[in-house]
Amino acid sequence: MVYFIEQFLNGVELGMLLFLLAAGLTLIFGIMDLVNLAHGSLYMIGAYLAATFAAWTDSFVLGAILAVLGSFAVGMVLEVVAIRRLYGRSHLDHVLGTFGLLLFFNELVRLIWGPAGLTLSLPNEMLTAVQILPGLFYPLYRLVIIGVTLAVAFFLYVLVMRTRLGMLIRAGASNREMVGALGVNIKLLYTLIFALGAALAGFAGLMQAPILTVQIGMGENILISAFVVVTIGGIGSIRGAFVAALLVGLVDTVGRAFLPDLFHAYLSESAAGSLGRSLSSMLVYLVMALVLIVRPEGLFPAASK
Amino acid sequence: MKSPPDHRRGARFGLRRAVNACVLVVLALVPVYAALTGDNFAMTLFTRVIILALAALSLNLIMGFGGMVSFGHAVYLGIGGYAVGILAKEGFGSGFVQWPAAIAASSLYALVVGALSLRTRGVYFIMITLAFAQMAYYVAVGLDRYGGDDGLTIYQRSSFGPLIDLNNKTLFYYLCLALLLAGMYLVWRLVNSRFGLVIRGARSNERRMRAIGFPTFRYKLVCFVIAGAMCGLAGALLANHTNFISPAMMHWTRSGDLIVMAVLGGVQAMFGPLIGAMTFLLLDEALSRVTDFPDLILGPILLFVAIYLNGGLDALIGGRRRG
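Same order as they appear, the protein sequences are chains A and B.
Heads up, the first sequence is in the working numbering, so the first residue is 1 and it goes up one at a time.
Heads up, the second sequence is in the working numbering, so the first residue is 1001 and it goes up one at a time.
Since the hints were made in silico from the structure, they are not lab data.
Virtual Cβ for every residue (Gly too), placed ideally from N, Cα, C.
No false leads were mixed into what you were given.
To be clear about the criterion: a stretch of chain B counts as covered by chain A if any three or more of its residues have a C-beta under 8 Å from a C-beta of chain A, and this derived list gives those stretches:
{"hint": "1", "segment": "1109-1123"}
{"hint": "2", "segment": "1136-1149"}
{"hint": "3", "segment": "1249-1259"}
{"hint": "4", "segment": "1263-1276"}
{"hint": "5", "segment": "1288-1302"}
{"hint": "6", "segment": "1305-1315"}
Start from the sequences and build out the full structure, keeping to the hints where you can.
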C-alpha cells in the first residue's frame, strides 16, 4: 500500500510536469494551429538557463526565476524571428521548420555549454524527505513540484478563464479569424501566447532538472509525451490537457511500477522482464490510440470550428 | 493565344527535366567515380541516399499526394530491417524468404495502423501514426533475443543464390538504384491512374469525393499499405547496407528525417523525395566536414526552406505547382 501511494504520487508529479509542457503546446496548437517540434528545446533551454543562473547567483530560487524570464524572452524572440512566418502554412512546413529549430537549438546548447551535461543542485533544505503517512517518507522536492505546478495550473486557470487576455486566448482558440476581424492585435497576442508557452516549458525543464541531469536532447522524449497529452486532451483545451496529463503521468508511472511484477506471476523471469518493460513503455501510446479510436478529436474537443 | 508567362513556364519545365536528368546521371556514375578514385565512402554515402530516398518516396505517396501526414513512417524501415535481421539470426539467410517477409510484415502493420488511424484528421492523424510507431519502437527495445536496445549485427547479407551477390558493393548499389527507379515509376503510374485521382481528390475534398460515390476510406487504406510495403523494402535494403538493426531505426526523429527529406525536396514533385534525401544527407555530410557544429547551419537552412520556399527545393526549379 505504501509502495502504491508512493508510485501514485510519482505519477501525479510526472503528470503535473507534463501539464506544464502540454498547456503551452495545446495553446500554440489550438490557437496558432502550429505543430511545434521545438517545444522540447525550450524545456531544455529552461533547464540549462536555470543551472547557469543558479550557479551565478548561488541561489536555486533566483536561478529559477531568471530562467523562467529567460525562457519567456527566448520564446518571444523565436516567435518574432521565425515562428510567426510559419502561421497559416501547412503542417508539413511546420514540421520542417521546427525540426530545423530543434537541430539548431541542440547544436547551440552544445556550442555554449559543451557536450557534457550540467547538474542543478537543490538547496539543502529541499533534500529531506517528509513523512506524509505513518511509514511513508516522500522526498520534499517532489512534493514541492506537485504544489508549485498546481499553483501554476491555478494561475493559468484564472488567467484563461477570468482575465481579458484569457478571454482573447479562448476566443482565438475557437475562431481565430473572427478575433482578428474584431480588431484585436493578433500579432501581439500570438507572440505573448508563444512566449507564455515557452516560459511554461522552460519552467517544466528547470523543475525536472535537479532530478535528472541537464543534457542535450532531454526535451525530445518528453516532447512526445506532451504531444500525447495534448492529443488525448483535445487540441486547444487546457482543461483536457490537465486531465490527460494526470492520466498519462499515472498510467505511465503505475504501469512501469506494477506491470513487470504482474507478468512475473505468469511468466519466466526474463520474459516477464522484457515484456513488462516494453508494455509499460507502450502503455501511454496504447491509451492514446484507444482514445483516438473511440473519440477521434480527443477527450475534450475544443469548440467546433 | 499564348501569353508570355507560358513561355517562361515552358523554359522552367525544361529546367526541371534537366535537373532531374542530372541527378540520375550522377547517381548512375557514382560507382564509376568510386572505382576510379578508390573513394569507397562515396559509395556508402550514396547507397544510403538511395535507400532513404526510397523510404521518403513511399512516405510522399501518402503524404504529398494523399494528404496523409504520417509521423511514424520510419517504423516500416524498422519492421523491414527487423524482418531481415530476425530471419538471419534464426538461420533463414535466403533473400527470397527475407525480403518478402519484410514487405509482408510492413504491409500488415500498415494495414492495422491505417485501418485504425484513417478515421482521424489533421494533427490527430499525425499523432496516432506517431503513437503506433512508438509502440513498435518499444517492442523492439524489449526484444532481448535480438539485441534489445543495443541492436543486432547481421553477419550475413541476404543471399539470392547465384542470381546476385549483395556483398558486391557495386551490384548492391545498382540493385538499390534499380529498386528506387522502379518505385518512382510505380508511384508515377499510381498517382496518374484513376486510383491516384481518387486519392488526390480525397486530399483536396474528401467529403465531396464520398458524395460522388467513392469509398475514400478504402482507397486511402490501400494507398497507405502500398506505402508501408515500399518502405518495408527500403528497411530490408537498409539492414543489408549497414549489416545492423536497432530500435533507433524507428525512433521518432528518424520519422522526422523522412518528412524533412520529402518536404525539403517538394511534396508535389515526383523527384522531390530523391532530391530532398540527397540534399539533406549530402549537406549534413559536407557541413560536418567543415565545422564541428553542422546542425547550427543545417537547422536554419531547413527553417529557411520552410518559410520561404513553399513547395520545397522543387519550387526553385519549377515555380509553384497546382494543387
